[in-house]
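**Student:** Sequence:
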Amino acid sequence: MKKKYLVKIFTKYLQTKFEIESDKEINTADELNPLIIDFIGKSDIQWEQNDLQYNSTANDFYITYEEVTNGSGQHGIVREETETRI
6 MKKKYLVKIF TKYLQTKFEI ESDKEINTAD ELNPLIIDFI GKSDIQWEQN
56 DLQYNSTAND FYITYEEVTN GSGQHGIVRE ETETRI
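Using our numbering, read the sequence shown as starting at 6 and increasing by one per residue.
Among the hints, erroneous ones may be present.
As the list claims (entries may be wrong) - The list that follows gives simulated cross-link-like pairs (lysine to any residue, SDA-like), each with its CA atoms no further than 25 Å apart:
hint, residue 1, residue 2
1, Lys29, Tyr67
2, Lys22, Asn60
3, Lys9, Ser61
4, Lys9, Asn60
5, Lys17, Thr74
6, Lys7, Tyr18
7, Lys7, Lys22
8, Lys22, Ser61
9, Lys29, Lys17
10, Lys7, Asn60
11, Lys47, Ile31
Derived by calculation from the structure, the hints in this document are not laboratory data.
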């Protein structure tokens, strides 16, 4: 059974969200990185302005992910779906 994950990438100025699927549970960043790279390489990522203000001297970005049962729509529409995102 495939598991679905909602991935969020934040930079100081931009942010994006997308879903990926995996045949196995993802527990580490090392398991997540190849899936993110594959997705970015195959899809049209839509970046949006990041209104979240944070100051970091070590990292210029951060990534979060969570397993979702009904995709990004489980808490309402995150953004309109396009053909490349369906």
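**Student:** A separate judgement is required for each hint: does it hold in the structure or not?
**Tutor:** Cross-check of the supplied hints:
| no. | hint | verdict |
| --- | --- | --- |
| 1 | Lys29 - Tyr67 | holds, 23 Å |
| 2 | Lys22 - Asn60 | holds, 21 Å |
| 3 | Lys9 - Ser61 | violated, 30 Å |
| 4 | Lys9 - Asn60 | violated, 31 Å |
| 5 | Lys17 - Thr74 | violated, 29 Å |
| 6 | Lys7 - Tyr18 | violated, 33 Å |
| 7 | Lys7 - Lys22 | holds, 19 Å |
| 8 | Lys22 - Ser61 | holds, 21 Å |
| 9 | Lys29 - Lys17 | violated, 31 Å |
| 10 | Lys7 - Asn60 | violated, 36 Å |
| 11 | Lys47 - Ile31 | holds, 20 Å |
Checked against the numbered hints given earlier, this structure breaks hints 3, 4, 5, 6, 9 and 10; the rest are met.
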